[in-house]
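Please put together the full structure from these sequences, using the hints given.
Last residue of the sequence shown: 834 (the working numbering), numbering continuous.
Each pair of labels, with its calculated beta carbon distance range:
1) CYS609 to SER514: 23 to 29 Å
2) SER685 to PHE817: 30 to 36 Å
3) PHE817 to ASP623: 39 to 45 Å
4) LEU619 to THR730: 48 to 54 Å
5) CYS609 to ILE813: 41 to 47 Å
6) THR809 to HIS675: 19 to 25 Å
7) PHE538 to ASP623: 37 to 43 Å
8) LEU541 to ASP597: 22 to 28 Å
9) VAL612 to LEU724: 41 to 47 Å
10) VAL816 to PRO537: 49 to 55 Å
11) ILE786 to GLY535: 31 to 37 Å
12) PHE501 to LYS598: 33 to 39 Å
13) LEU613 to THR809: 41 to 47 Å
14) CYS609 to PRO537: 22 to 28 Å
No lab work stands behind these hints, which were simulated from the structure alone. Ideal Cβ placement from N, Cα and C applies to all residues, glycine included.
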Amino acid sequence: MEILKRAGVTEALLPVSMVLFFVEMVRGAYLGSFLPTYVTNGLGLSVTTVGAAVTAHFVMDTFTKSFLGHLLDRFSSRKVVFGGLLISMFGLFMTYGAPFAWLVIVGAGVFGIGISPVWIVALSTVKATAARATQMGALYTLWLAGLGTGPILLNFFLDKGYRLSFWLMVCFWVLGWLLSLRLADQTISEVETPSFAAQFRALWLRLRTMRPLLPGMMLQTTAASMLVPILPSYAAHHVGLSYSQYSYVLIAGGFCAVIAMVPMGRLSDRRGRKWFLVGGFAGFALTLYTLTMVGSLHAAILAAIVLGLSYAAVLPVWNAVLSYQVPDDQQGLGWGVFSSVEGIGVMIGPILGGWIADLYSETGTVVVSATLLGILAVFYLLFPFSHLIRDHRRRS
439 MEILKRAGVT EALLPVSMVL FFVEMVRGAY LGSFLPTYVT NGLGLSVTTV GAAVTAHFVM
499 DTFTKSFLGH LLDRFSSRKV VFGGLLISMF GLFMTYGAPF AWLVIVGAGV FGIGISPVWI
559 VALSTVKATA ARATQMGALY TLWLAGLGTG PILLNFFLDK GYRLSFWLMV CFWVLGWLLS
619 LRLADQTISE VETPSFAAQF RALWLRLRTM RPLLPGMMLQ TTAASMLVPI LPSYAAHHVG
679 LSYSQYSYVL IAGGFCAVIA MVPMGRLSDR RGRKWFLVGG FAGFALTLYT LTMVGSLHAA
739 ILAAIVLGLS YAAVLPVWNA VLSYQVPDDQ QGLGWGVFSS VEGIGVMIGP ILGGWIADLY
799 SETGTVVVSA TLLGILAVFY LLFPFSHLIR DHRRRS
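What follows is the structure, encoded as structure tokens:
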């Protein structure tokens, strides 16, 4: 407990962080390991069904955020999260043993609904303090730890059968579901919230004033998700890695991101946030460019380490800056809308990345992704985004 507090996990943040950890563990296991193998090998359905199911999951996760955020402004975090996770559990059961492709796709979509309120509650729990980026770093460290642990753990059980693997996911999901009963039995907004229409009008005006942040909100998720459909084959065909060697590369990058997240957040709180944001995006871009020239395991691991550190530099700072734009009386809907804007990139990226790879090459996808991130680095280097924070403080 004391270690978590030193890392930036406050007493208020701890319950939702634990729920987030188990929820993301199951999501990582489900999307990264269980769904691709079970649907094709266990159910005998096509790879296209897998892709459609993953898309359905993120579409539902993205487009329910605003509505669920509004519910969190009106009803207690405990009730909304508990109900959402129960709905998601039905989605898990719909997928298992599904005789039709459409049922797998619908089940994956339903599974995505209950994850949204967990994230909104977690983000709204990070309060306006000098250690805001430190808290964001701690939150995303637990997220990455859960997301990475899930597929690794499940892979050991997949060899023993799909039934055991499925019930393992259910057990962890139920654990997170029960932990949600420890969440506060109150709304996440600190003051009485206006009507849904009034909130949207206010947030639309807020989005207009924060236009400089919008490119980062969509382009960074678009650029990163472009790589999802091509990275495994790119590692095998262009870098010459086996699947086990590719796993080592992923572990190296993920480990560095996890251990650096909190220190990066703490440093940015003390030293200023702009250069962590610019440096992180620049590190992403330059390292992705070097991947087009990498031809060995050691070089790939080194590139993954730099990518992990760049991710750790960007993520807590970016969300700390974004959090200044969420009004106190619109915490639920505010984070829901902003998360939905970012989610658009997650939906566009894989389709765009696959299309570029088919039209040109997998290397072309990597280059385009790196170019987008490089443009973001230059943009935020030139733009004095600190005035957004000052504007927030004047409004407060």
